[in-house]
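J.: Here is how the chains run, residue by residue.
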Amino acid sequence: MPHDHAHDDHAHSLLPSDPALRVKALETILVSKGLVDPAAMEVILDTYERKVGPHLGAALVARAWADPAFAAALSDNANAAMQALGISGRQGEHVVAVENTPATHNMVVCTLCSCYPWPLLGIPPGWYKSDAYRARAVREPRKVLAEFGVTLPAGQSVRVWDSTAEVRYLVIPMRPEGTEGWDQTRLAALVTRDSMIGTGLPHPADAP
Amino acid sequence: MTRPAAPSQFDDPWQAQVFALTVALSDAGHFPWTDWAQAFGATLKRHGANRALDGGADYFNAWLETLESLLEQRGLAGQAEARTIRAAWEQAYLSTPHGQPVKLPA
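Chains as they are written, first to last, in numbering that gives the first Met the number 0: chain S, 0 to 207; chain A, 0 to 105.
Calculated directly from the structure, the hints in this document are not laboratory data.
The reader is advised that the hints may include incorrect statements.
[What the hints assert, rightly or not] Using C-beta positions, here's what the derived DEER-type ranges look like:
| hint | chain 1 | residue 1 | chain 2 | residue 2 | range |
| --- | --- | --- | --- | --- | --- |
| 1 | A | Gly74 | S | Lys142 | 23 to 29 Å |
| 2 | S | Ser16 | A | Gly47 | 18 to 24 Å |
| 3 | S | Arg89 | A | Arg50 | 29 to 35 Å |
| 4 | A | Gly98 | S | Asp45 | 24 to 30 Å |
| 5 | A | Pro96 | S | Ser31 | 53 to 59 Å |
| 6 | A | Arg50 | S | Val137 | 19 to 25 Å |
| 7 | A | Gln37 | S | Arg138 | 55 to 61 Å |
| 8 | A | Pro96 | S | Arg185 | 54 to 60 Å |
| 9 | A | Ser68 | S | Ser31 | 44 to 50 Å |
| 10 | S | Asp17 | A | Ala51 | 37 to 43 Å |
Note that the structure is a prediction, hence the values are computed from the model and not measured.
From the three backbone atoms N, C-alpha and C, an ideal C-beta is built for every residue, glycine too.
Chain S extracted, bound-state conformation (with noise of 0.2 Å):
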């Protein structure tokens, strides 16, 4: 139908797209059944649209990396360490921090859908979420880290771990050298989401 912007004819209200109107007519019905409070929507919301997000995982990296008594915290029990800094996970979520070493890169997918350690990094990146990554990540890691720059010595190892609905992987990068005596600000500055899903490396030190 051609739109001529005869605003008279078209005075209604500008109507929303299929699926926002499938997913209101879901919310409809749910919330007058009483099986979902608007309320705990607008928690849910809040929290992964303003507040969490990869600078909290991004604390908890730069921590472990000042303080090696917490680093060991983390690699035992990554859940304890998250609550240490005051991050809640969700419940029957078990996170578990993998370590990157001069021999071994972790590298993190999502072979079924799409899991992720939302309370440390917030909701994933388009990319993560794609056929492409899901599929190549554990077929040629190497390859898919060479389109995202990432060039590993050949003598380094690169692990894959896929997550599930009840383990969630973050990588610790490893920490840039000449960054000696930093405090923790400043050592966060420097974690990158991809450095923690291992798809990409932290900063170098002497980045501008």
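Following the hints, put chain A in place on chain S, whose structure we already have.
T.: Coordinates of chain A only, in the frame set by chain S:
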């Protein structure tokens, strides 16, 4: 594979709504998240059988489809009822003057 310049969260408000709705339902104990992940994984596999999904809009379309069928299977919201309410919302948008709050007829 292309990488977005900025971290992508939700491309459209309905994606955030369906995400929050699903998490709220699971948090309220209507289904364990493991069941959700299984069902969602199966939908993604089916959708991705003939073409590669990009992880954007098609990802949340698969999410919505999974939630609709999960709610029907568990007797929480039937698909016929959902279609009726969807049509009522569409009618409400079309009949509400621009600028007025859109409401379902009581």
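J.: Tell me the numbers of any earlier hints that the structure contravenes, in ascending order.
T.: 1, 5, 7, 9 and 10
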